[in-house]
Structures are given as structure tokens and as C-alpha cells.
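Participant: Starting from the given sequences, assemble the full structure and let the hints guide the process.
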Amino acid sequence: MKARFLAAFMVIVLVFSTFTGFVPFVPVEAENALTEEKMKEVLIEVKSKIDIGDEFTEFDYSYNERSGKGRFYFNWSTEDNMDGISITADDDGRIWSFSRYANSSYSSKDGVLPNYIGEELIPMAEEWICQAEPDLKGKLEISGCSYQTYRKTYYITFTRIENGILLNDNSVRITMDAMDAKVLSYSLNWNFEVTIPKVDNPIGEKNAAAKVDDIVNMQLEYRLGYDNDGKQKVFLAYNPNTTYVAVDAKNGKVYTTRTYWGSSNEFDT
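Numbering-wise, the sequence shown is residues 44 to 312 according to this note's numbering.
Treat each hint with caution, since some may be false.
As the list claims (entries may be wrong) - List of simulated lysine to any residue pairs, SDA-like, C-alpha gap at most 20 Å: (1) K249 - Y298; (2) K225 - R114; (3) K81 - R114; (4) K180 - P166; (5) K180 - E88; (6) K293 - E248; (7) K241 - R194; (8) K241 - N213; (9) K180 - E170; (10) K241 - L209; (11) K225 - R194; (12) K92 - V226; (13) K249 - K293; (14) K92 - L209; (15) K90 - S142; (16) K180 - E236; (17) K276 - R266; (18) K180 - R194.
Note that these hints are calculated values from the structure, not bench results.
Facilitator: Next comes the structure, spelled out in C-alpha cells:
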């Protein structure tokens, strides 16, 4: 009842200020109460996706809003503060990041062989991601998996795939413990608002390559590298004269500057 009253009060304030230009004083308590009500909604959504163990008895949160988009920062920890979980979620309950620390676990991993290998953890990682963000199901392709010996962890990266085509600018990174298969961190880099164009009659790889041939020239340069002993050496190599080139798959337009990509009215969507 109190939350409804506060929400109605905020609506009245907005309408009043729109027509009069006068912005009345809004008590901080009212704003905090509305944020707390929203927090509870988002928290329920988050906990329906990610299991927070009963051992995490301490909880706090903060809220930040930029460019009209709010983010909640949830933090849980055990009573002795040896283990903790942090989650970032937006106003809709979408989880953008997750991290878990366990100060008591690192020393116990010394000299111990891992219980899981990357091939076993990859499908488990994908399942966890799709539980945290169901909209990603069927849109993930494994693009990287590396092992960190000291921490006994795997760093796994998935790239967005649409219509069988990779969208390399969108990805998910997840870190998993090779001892118990627990997720240690998760980071989502994804544009949910962008429209994915249909793949109808692309110009073809050969035509695209021909257009690039007219622009990209190979230059002979000295390059620095390392030999098997870790010593730096100089070698000769041919390198393209441009650091970026892309060809529009529909109209064949060539882009040589990444910041210009898609910013022109000529860009065919």
C-alpha cells in the first residue's frame, strides 16, 4: 500500500512539473523507498536464476543510474567474510556480471590435479549462462578456452552467433573452477536492442575479396618477435597498409574506418 502511494505521488510530481515548470521538493525517503521496492523485484528475479547458498548470510546493495539505465549491485558474503558473491543486474533483472570469491580455497589447490577439463566445462558453462540469461540460448558459439594452472581455473569465451554468422562485438566470458566446476565469474557484453539484418543474397566471398584487393596493399616491414628462448628478434614480414577493412555484404561498400561502420545513410540494413 505504501509503495503504491509513493508511486502515485511521483507520477503527480512529474505531471505537475511538466505543466508548471516548477519542480517541487521530493523527500529523499520517498526516492529511497521506491528504489528499495524495485530492488526487491530485481532481487527476486536474480535469485530465480542464480542459487545463492544459505551460507551467505550478509547482504547489501547499491544502485546507480546513468543515461536513464539503472544498475543494481548486489553483494553477499559469509559471516566470516571468507566467501562472497557479487552480481550486477539492471532494472529488468538482466544479469550483466557475476563474481564469486573464496579466500579459503586457493591454498588447498596447490599440487592438486584438476577434476575437470575444458571440454567437460564448456557445456556446463553454456548451461549456466542460459540459465542466467535465457535470451542467449541458441546464440552462443565457443570461441576460446584457456587454463590457468595456479588457480586451477578455465577462462571460457562464447561469441554471439545469429543466422549462422558470428557477431564478434558481442560475447560472454565465464570463469570456472576446474576442481568443483563452480562458476567464479561471468561478464556479459551484449546488445539486446540492435536489429539483426536478414542474410538475403549477400554479394559473396569472392566479390568481397575482389573489392578489398583494390584497397589493401601489403607493405614490407621489420617486425619484433621472440624466439623459443624468449629472446627478442627482428624479422621481415608483409603487413596490410590498413588496420581495418570491411565490406558490406549487401551493397559491397568498403569501410576502412571502424568508427564509420554503419554510421552512413548508405549503410544497407
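Participant: Looking at the structure, which of the earlier hints fail to hold?
Facilitator: 2, 7, 14, 18
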